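S.K.: Residue strings, one per chain:
Number of protein chains: 2
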Amino acid sequence: MRAVCVIGLGLIGGSVLRAAAAVGRPAWGATIDEEDSAAAGRAGFEVLATEAALRRAADEDALIVLATPLTAMQGVLRQVAANAPHALLTDVVSVKDAVENEVRKQVPTARYAGGHPMAGLAESGFLAGSAELFSGAAWAVTIEERTPLQAWREAARLALDCGAHVVPTSAAAHDDAAARISHLPHMFAAVLAAVGADGGPLALSLAAGSFRDGTRVAGSPPELVQAMTEGNKPALLDALDDALGRLGAARGSLASTGGLKSTVDAGHQARISLEELDTDTRETSAVALGENALFRLRELGELGGRVTDVTEDEATIEVPVA
Amino acid sequence: MRAVCVIGLGLIGGSVLRAAAAVGRPAWGATIDEEDSAAAGRAGFEVLATEAALRRAADEDALIVLATPLTAMQGVLRQVAANAPHALLTDVVSVKDAVENEVRKQVPTARYAGGHPMAGLAESGFLAGSAELFSGAAWAVTIEERTPLQAWREAARLALDCGAHVVPTSAAAHDDAAARISHLPHMFAAVLAAVGADGGPLALSLAAGSFRDGTRVAGSPPELVQAMTEGNKPALLDALDDALGRLGAARGSLASTGGLKSTVDAGHQARISLEELDTDTRETSAVALGENALFRLRELGELGGRVTDVTEDEATIEVPVA
Chain U
1 MRAVCVIGLG LIGGSVLRAA AAVGRPAWGA TIDEEDSAAA GRAGFEVLAT EAALRRAADE
61 DALIVLATPL TAMQGVLRQV AANAPHALLT DVVSVKDAVE NEVRKQVPTA RYAGGHPMAG
121 LAESGFLAGS AELFSGAAWA VTIEERTPLQ AWREAARLAL DCGAHVVPTS AAAHDDAAAR
181 ISHLPHMFAA VLAAVGADGG PLALSLAAGS FRDGTRVAGS PPELVQAMTE GNKPALLDAL
241 DDALGRLGAA RGSLASTGGL KSTVDAGHQA RISLEELDTD TRETSAVALG ENALFRLREL
301 GELGGRVTDV TEDEATIEVP VA
Chain Z
1 MRAVCVIGLG LIGGSVLRAA AAVGRPAWGA TIDEEDSAAA GRAGFEVLAT EAALRRAADE
61 DALIVLATPL TAMQGVLRQV AANAPHALLT DVVSVKDAVE NEVRKQVPTA RYAGGHPMAG
121 LAESGFLAGS AELFSGAAWA VTIEERTPLQ AWREAARLAL DCGAHVVPTS AAAHDDAAAR
181 ISHLPHMFAA VLAAVGADGG PLALSLAAGS FRDGTRVAGS PPELVQAMTE GNKPALLDAL
241 DDALGRLGAA RGSLASTGGL KSTVDAGHQA RISLEELDTD TRETSAVALG ENALFRLREL
301 GELGGRVTDV TEDEATIEVP VA
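Residue numbers (full-length UniProt numbering), protein chains in the order written: chain U, 1 to 322; chain Z, 1 to 322.
Excised from the complex, chain U in its bound form:
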């Protein structure tokens, strides 16, 4: 089993380290955060200095997983270039196009495929994580013109070992999707919480499920939310414009005719689509991992397909039946 070297041992990195070790893979980590480092050490994991961890990854041809914040990525990639320039490389950062570009620029010789597990943010730090954090979650693994098949397979294999299923996608399509289903929800939660609190203690004391659910992620660490949302600026601007358009239309309709039927119905239909995705009949097929296989997988990802197994020769993908 291929070894795993995790750089950054917060909630996500720490959980990847645990999950990789739990399936029996050799695994070690590095972090500049002293609390996370101490916590991982106490939990029995091998924690090295970053350069030492990377050099060992180069020696053992381990998969390096970058789990630092986007804002630290430039510096970490310089260290990768210096210590493991030909490494198998992936990451778990919430935006993909920016990381993809930075990797191409700084470590063009790395065998890289970007990743993003869609899980967890309410707490942070190594101690908040667990080997089960990704169980049942979606995990995007990106496919670009230059993505090496081996890198994609290794990143996908890690995601599957962590208990997730893999959604094959381009970095750009991922970022557009993430803006809509992760970054905009964080903006909405923040705005909703603030408008509610503007109603004073009376409003908050009447708050029930709809407000509590709708504002839950506003409880996430603000610096993480800020980094995540600001890091996906172009796609988030598009999503915000769509949202402002729909919300403005609802406001206009309520003010003029008094009707909110089209807003409510569209939202209901969309939510039903989400729920149906969980229960839809899916057709399972095997994609041979030859030439153009990754683009075929990416097309199936656009249709809602999820990869549930990856071997040396083929990927198993479940696609909703239309």
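Hints listed in this document are in silico derivations from the structure and should not be mistaken for laboratory results. Fair warning: this is a prediction, and the values are worked out from it, not measured in the lab. Treat each hint with caution, since some may be false.
Partner residues aside, some chain U positions facing chain Z, computed with beta carbon under 8 Å [to be verified]:
(1) L48
(2) A177
(3) M187
(4) D242
(5) K261
(6) L274
(7) V321
We treat Cβ as the ideally placed atom computed from N, Cα and C, and that holds for glycine.
Fit chain Z to the supplied structure of chain U, relying on the hints for placement.
M.R.: Chain Z only, in chain U's frame:
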């Protein structure tokens, strides 16, 4: 124990009927919905024709609870005027000013205090309800210039018997608060769901906690959401304008400086305020139910106070310590 007559036996009315019976109060109901009527009958409850139910309430000086949709309120109040014009009367409709005005117009002799339990909407109908639906929930009971002390006490008593605590408030303040913490969340959930679904199957297949939580109430029956939100038009317009202002400011800031710190921080602080409300130290005091007692309770409600007991002579209220 005062008898309870519930008109409308959907999720909320059916749950009130069950909870009232569960504490040993004589209770009966009426509904024009055949399914709810049959289900309540099968569950062992006495279901009468609406006029018969109201006449019996008049005979036994029961508390009448109107649990029909806002859109049906006018017709039901005409029946109350014809059959129980001096009744003790409350309601469980999600807007309060409109109901208050309609009651004053149609049944000016009724002893009325409006109510609104902050619970449940994801499903509808008698069968979706339970005696425990309101357990631990807030239940607004309104106080206006003309609210009779006895009517408020009886409505509050019912809420407490249902396991809720009582938030004393004016109808207008309730409607403003409800717009912010219930109706706007439903608008946000609808818009968020639609913007997410516009991202296609890929976006929905990447959706995790933030999107699922933020869109949950978009799964509610659309006709109920529409009636509830449209019924609170002036207050909801204010809340929508606040939200559009905050969201537009975030959009502007992201587009210009690229920064979302003030939006994220304000939302985080607001969410913390909500969570603190559950854990705040509270000071318990007793308010003697004499002259001006209701206005005193209403003031304490503005500060986040909740009534946890009501006797013939006094109300016990817990107010957060500043």
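S.K.: Does each hint fit the structure? Answer for all of them.
M.R.: Do the hints match the structure? See the list:
The interface hint given for L48(U) is broken, as the beta carbon of that residue sits about 31 Å from the closest beta carbon of chain Z, more than 8 Å. The criterion of a C-beta within 8 Å of any C-beta in chain Z is met by A177(U), whose closest approach is roughly 4 Å, and the hint holds. With 8 Å as the threshold, the beta carbon of M187(U) comes within range of chain Z, its nearest partner Cβ sitting at about 6 Å, so the hint holds. Evaluation of the D242(U) hint against chain Z yields a held restraint, the C-beta minimum of about 5 Å falling below 8 Å.
A distance limit of 8 Å between C-beta atoms decides the matter here; for K261(U) the minimum to chain Z is near 6 Å, and the interface restraint holds. Residue-level restraint check for L274(U) holds (minimum Cβ-Cβ distance to chain Z is 5 Å; threshold 8 Å). Interface restraint check for V321(U): the shortest CB-CB distance to chain Z comes to about 12 Å, outside 8 Å, so the restraint is violated.
Violated hints, in rising order: 1 and 7; the structure is consistent with all others.
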